[in-house]
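Engineer: Here is what each chain is made of, one letter per residue.
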Amino acid sequence: MSERKKLMIIDDDPDFVAGIRAILDGAGYETEVAHNPKDGFAALKARRHDLLLLDIMMGRGAEGVMMARKIRKDPALKDLPILIITGIREQIAFMFPGQAVHPNFVALNELIEKPVEPDLLLERVAALLQAAESGRQPVS
Amino acid sequence: MAIGTRILLIDDEEIVLDSCTEILRGEPYDLATAADGTRGLALLKEFRPDLVVVDLKMPGLSGFEVLERIHEADPTIVPIVITGYATVSSAVEAMKRGAYDFLPKPFTPEEFRLIVRRGAEKRSLVLETLALRRERELLREHFAAIVAHELKAPLAAIQQNLYALERELAPLATEDQRTRLGRVKVRVGDLLQLIDTWRRGAVDLEAVKARFAAVSVRVPVEKAVESLAVQAMRKAVELTATVPEPAPVVWGDQGTLTQVLVNIIGNAIKYSREGGRVAVTAEADGDAVRLAVADGGIGIAPDDLPHIFDAFYTAQPGAAGERGSGLGLAVTRRIVEAHGGAIAVQSTPGTGSTFVITLPALGEGGPGASGRDAAPPAAPEKEGRR
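Chains A and B, in that order, give the protein sequences. Heads up: the first sequence begins at 90 in our numbering, then just goes up one per residue. Heads up: the second sequence begins at 96 in our numbering, then just goes up one per residue.
Treat the hints loosely; a few may be bogus.
[Claimed, not checked] Stretch-level coverage of chain A by chain B, calculated; a stretch enters the list once three of its residues show a Cβ under 8 Å from a Cβ in chain B:
1) 154-168
2) 200-214
[Unchecked claim] Label-pair ranges, simulated between beta-carbon atoms:
3) H124/A x D382/B: 51 to 57 Å
4) R137/A x E270/B: 42 to 48 Å
5) A135/A x A137/B: 24 to 30 Å
6) A268/B x A135/A: 39 to 45 Å
[Said to hold, decoys possible] Some residues of chain A that are not near chain B, with every Cβ distance over 10 Å (derived):
7) E121
8) V122
9) N125
10) K127
11) F130
12) A131
13) K134
14) R137
15) H138
16) D139
17) G176
18) L218
19) A221
20) E222
21) S223
Hints were generated in silico from the structure; no laboratory data involved. All C-beta atoms in this analysis are idealised placements derived from N, C-alpha and C, irrespective of residue type, glycine included.
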């Protein structure tokens, strides 16, 4: 790895963020954090990032979903890999009945459940970064 | 409060339309007028009135018919009728049929203004009541989900930090410290699982029944297997699913059926040995559909077997000290029974267990069965069929 990969974390729970950030920092990634979608989007627009780790339930509801949709519509950000980390995997299935467990409501790359074991987290992050580098979507 | 209230005025007399328009000039209302019932009704969709003032006696579509159609289109619209001298009895009739108020001709500008203002107030009360009721229903429907999220969020933050700390402290901690940290992790994990189980148990089965539809058993089987793939992989358990083509169809709720399978298959993995095998099989058996989950795990003691579907019954801990909350199987049985099915188990300690769920098959002519026989292809398709 020639250069440290930059990861953006958008999650409104600072304690949870501290937990995943410690794991990611320990693995040599450069992390930046925003605690709400608005600041997060501004940061994504201002600086280049290699991957976004996104929470779903923020603020008044599933603001992470809206955030992901907005990113997918943005010409400069639409190819940014998104890893959704959520505590509401089942609720998502409930909100979008009939969809597969990996919901297609927004073109996200991966969805994992909180809390996430360090090995699983690092493996998914590495896989997404590698897939983005080779210019194709991972087969989940 | 009444600002922007939209009023639709329907009267065949041009002078009434003009004078009413004049009376309301300068008031904070949006006004639209129509010279007969047909034209008035045509405006409903586009103008979306809060209030409709309609003359009962008009050529063409009568005021009564207009009232009825308005009520059909949107029962929250507040209807007010205008009546002539000779038709007080029809005003009474109109009130009986749901008109909010009536205005006898001729009326003074002040009377008209007053009745419109009252109508606008009524409309905002109706809307407020509706909004509150919707909010209450939403809260009731999602209560368990909301509580579960509130309980899980802090636990997830705790667990995530334990994961991180365990890694960071690994080179420094003593054996005893590592063991204790590991136990804390397990206990927090149990708590997280318990909340999930509770949430499943808190499902309003009557509401679930109301959304029953034809479900190809392939969908819940594949979803459950997919969501447990990581868990199986961690334990090196080979997880297989066999569903015949075409897949049997049942009348039920895909979400809760998936939960049932997640629970049974999850248990099978939990009580399997490292490198074991869990096989999920679906098959049509006459009028029934059988879903079997077989493991070659530690099995269930004969003493425990009759009680495992009882709430809060926990069997002897397994080889690695596995112990359930005593809720999972009870919830599972409730869901299966709500589907008109049954669940049974056969087990030999040391050899393994087989759970069999039997559900009534949906016949060709069953409710909603038409056009649903097509099962998704066996290829790794991600989209579930509804």
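Engineer: Decide, hint by hint, whether the structure agrees.
Structural biologist: Consistency of the hints with the structure:
1. 154-168: violated (count 0)
2. 200-214: Since 6 is at least three, the answer is holds.
3. H124/A x D382/B: 51 to 57 Å: 56 Å, holds
4. R137/A x E270/B: 42 to 48 Å: 45 Å, holds
5. A135/A x A137/B: 24 to 30 Å: 52 Å, violated
6. A268/B x A135/A: 39 to 45 Å: Holds, at about 40 Å.
7. E121: Holds: least Cβ distance 18 Å, greater than 10 Å.
8. V122: 14 Å, holds
9. N125: 16 Å, holds
10. K127: At roughly 20 Å from the nearest Cβ of chain B, K127/A sits farther out than 10 Å, so the non-interface label holds.
11. F130: Holds: least Cβ distance 22 Å, greater than 10 Å.
12. A131: 25 Å, holds
13. K134: 28 Å, holds
14. R137: 26 Å, holds
15. H138: Non-interface label on H138/A holds, nearest chain B Cβ at 21 Å vs cutoff 10 Å.
16. D139: For D139/A, whose nearest Cβ neighbour in chain B is about 21 Å away, the distance exceeds 10 Å, so it holds.
17. G176: At about 5 Å from chain B, G176/A fails to clear the 10 Å cut-off, so the statement is violated.
18. L218: The assertion about L218/A holds, with a minimum of 20 Å to chain B.
19. A221: 20 Å, holds
20. E222: 24 Å, holds
21. S223: 21 Å, holds
When held up to the earlier numbered hints, the structure conflicts with 1, 5 and 17 and fits the remainder.
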